[in-house]
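**Student:** Here's the letter readout for the chains.
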Amino acid sequence: MDKQTIFDAVQQIFRDNFDDEELEITRETCADDIEDWDSLEQINLLTAMEKKFSIKFKLEDVRGLKNVGDLLDLIERMAG
Amino acid sequence: MSVNVLDYPFDASMILQKKRAIKRELSAREGLLPKKVAVLSGVTVGVFKDLLEIYLLANGIRPEIHEGEYALFYEELVFDDGTLAAFAPDLIYLHTSMRNIKAWPAPGDDAETAANLAKAEAGRFIAAAKAGLALGCPVILNNFELPPYRVMGNREGSAAAGRVRFVRRLNELLAEFADTTPNVYLNDLCYLQAQHGMDAFSDQTAWYAYKYPCAIDKLPYLAQSVANIIKSLLGKNKKALALDLDNTLWGGVIGDDGPEGITFGLETPAGMAYMEFQQYLKELSAVGVLLNVDSKNEQANAEAGFARADSVLKKDDFICFKANWEPKSQNLAAMAREINIFTDSFVFIDDNPAEREIIRQQLPGVAVPELSAPEDYIKAIDRSGYFEVTNLSADDRKRVDMYKQNAARAELQASFGDYADYLKSLAMTGEFGTFDAPHAERITQLINKSNQFNLTTRRYTAAEVEALIGDEQYVTLYGRLTDKFGDNGIVSIVIGHVQGDAMDIDLWVMSCRVLKRDMEKAMFDCLCADAAAKGVKTIRGHYYPTAKNLLVKDFYATIGFEQVSADAAGNKDYVFDLSAGYTPQCSVMDVRRV
Chain G
0 MDKQTIFDAV QQIFRDNFDD EELEITRETC ADDIEDWDSL EQINLLTAME KKFSIKFKLE
60 DVRGLKNVGD LLDLIERMAG
Chain B
0 MSVNVLDYPF DASMILQKKR AIKRELSARE GLLPKKVAVL SGVTVGVFKD LLEIYLLANG
60 IRPEIHEGEY ALFYEELVFD DGTLAAFAPD LIYLHTSMRN IKAWPAPGDD AETAANLAKA
120 EAGRFIAAAK AGLALGCPVI LNNFELPPYR VMGNREGSAA AGRVRFVRRL NELLAEFADT
180 TPNVYLNDLC YLQAQHGMDA FSDQTAWYAY KYPCAIDKLP YLAQSVANII KSLLGKNKKA
240 LALDLDNTLW GGVIGDDGPE GITFGLETPA GMAYMEFQQY LKELSAVGVL LNVDSKNEQA
300 NAEAGFARAD SVLKKDDFIC FKANWEPKSQ NLAAMAREIN IFTDSFVFID DNPAEREIIR
360 QQLPGVAVPE LSAPEDYIKA IDRSGYFEVT NLSADDRKRV DMYKQNAARA ELQASFGDYA
420 DYLKSLAMTG EFGTFDAPHA ERITQLINKS NQFNLTTRRY TAAEVEALIG DEQYVTLYGR
480 LTDKFGDNGI VSIVIGHVQG DAMDIDLWVM SCRVLKRDME KAMFDCLCAD AAAKGVKTIR
540 GHYYPTAKNL LVKDFYATIG FEQVSADAAG NKDYVFDLSA GYTPQCSVMD VRRV
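Protein chains in written order, with numbering that gives the first Met the number 0: chain G, 0 to 79; chain B, 0 to 593.
So here's chain G without its partners, still in its complex pose (with noise of 0.2 Å):
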């Protein structure tokens, strides 16, 4: 899966999982950037992305996730 592919798809995540289809995301975006991601939505999110790509985070794997991207380099390995 290339890199805009998975960059849209998590793009789209944002959008539902905010309800605000206007947002945009970059790499440099994190928590403090959207008022409503907190650690509960944050599960969500991964949740979610989960999901949508076929994945299974390991507890590990989403300890020090900085901004998103972090969450796309990780995606990105995992799904291949």
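Hints are computed from structural coordinates only; laboratory data are not their basis.
Because the structure is a prediction, the values reported are computed rather than measured.
Ideal Cβ positions, reconstructed from N, Cα and C, are used throughout, including at glycine.
It is possible that part of the hints are untrue.
Unchecked claim - In the EDC-like style, the derived pairs of lysine to aspartate or glutamate whose C-alpha atoms are separated by at most 20 Å in a straight line are:
no. : chain 1 : residue 1 : chain 2 : residue 2
1   : B       : Lys-18    : G       : Glu-34
2   : B       : Lys-235   : B       : Asp-343
3   : B       : Lys-22    : G       : Asp-18
4   : B       : Lys-18    : G       : Glu-40
What the hints assert, rightly or not - Coverage of chain G stretches by chain B, computed from C-beta distances (three or more under 8 Å per stretch; other residues unrestricted):
no. : region
5   : 23 to 34
6   : 65 to 79
What the hints assert, rightly or not - Residues of chain B placed beyond 10 Å of chain G at every Cβ, according to the derived structure:
no. : residue
7   : Leu-15
8   : Arg-23
9   : Arg-98
10  : Glu-111
11  : Ala-159
12  : Leu-191
13  : Gly-196
14  : Lys-281
15  : Val-311
16  : Glu-354
17  : Arg-398
18  : Ala-528
19  : Val-563
20  : Leu-577
Use these hints to put chain B onto chain G, whose structure you have.
**Tutor:** Relative to the frame of chain G, chain B by itself:
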């Protein structure tokens, strides 16, 4: 966006992702019933709170949710610092799981030690629930899911100190507590775990990382389960089924194949599936669900299907039997009128997707579950919780008979020219009493279930009804109606609040199955007698409009009240002057005061 995603089986990730949009769409509906729900934590509440809100909204309830602090359910209930009392919940839910069990038996503990430990451990949850009851509202309590691993293997289920056996002991203790304690309801977490399978349900990652009691994609099912109990308590259950026949209650087309040619019975796998489905429906009928036929068929052909010797359902099991060539939506609307319930109290069961779609479009309030194959029909109804039973009163078990008696009365009515003569021919006896403990359960149920003949649509919890018993400030009255066709049970309730020489009618409800029997006049006769005995000179009546109570918008005027005010929203106030005496208005029944 459509809220169909809430139909079983759920697309959990879709619901979780789109929860804000779903909530927005559901909140925009009219006539939502506001309720305050306290969700107290044993495990993480988190997104469960949004999900519970969604499932309650879907059932017509707008919750205001108070979320307790993590893992402090016991402390917050037993040592309430005033927070919960100030919130004044209408319902309390204890969001606990097996992870909240503190003391487990040690290997080698004997049976007595393990049993005592179980009592003490269950006692903590029971004490918390009792503290919740003291706040005057129903309490919903989880039982425990089984532990996800077994050190001793199978022996954990049989050894005195086995953990599996310990959880089963606790569950039995909690079941006994819920079964014998009014206002306590058990949410069967253990069944949910079994339904989804332990490995899928008891996800260790969800516990380690988030302290959720189950996998995140199972949280919608947990929320639905709790919401089902709540909506049932608030009188939002479905009441009736409209059933197709061909390929729904039996296989094949009876008009073509004949009664002997349809697939039904023990000889074939599909025949067994249809047979068990009929058995399931018969059991639903025994707890008060009204069965009706809505089928495109000739009447004689349709009836022949139920005349088979091995048919589980007989024609007698149905209230309305519509086998004709009219559109099914028209049949369903006609049945609703005949039985005197709303179309949104119906669940429509039909194997044909086109028929389902028409009902969804024509009658949007009707629940229309997806059906695939006969072996899954039971599940399609059962998992949705349309008919969740929280309190099974004697009336529920008799309801089907009552509706059948109504049909017989309608036949009799046709033979009388004068309506009063008809009423007298029914040999009615009205029995009227003030609220008491033995009738409190039915009184609460009727108050919360009545929508049409309901002047104020005030709802009362069981605790609020109990508080009225013996309260001198109130005139309370229940009415039971019996006639030559049978006992209708308690069908009307009035609550009057006395202040000085005036009395406000806070609540007046009547079951629609006894409309036009002059029961309301008999109730008013008794109410006036009781009010006069308390020195009341003026009775004030109030009508507050809802989407469902237009039936009674001018009711007070018909029994002699005078309207004194009305506002733009349609709220109306009336007075009735009692100072110059009162002449009873009902003359068609025997009145008994009990």
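**Student:** Compare the structure with the hints numbered earlier in the document and write down the numbers of the violated ones, lowest to highest.
**Tutor:** 5, 6, 7, 8
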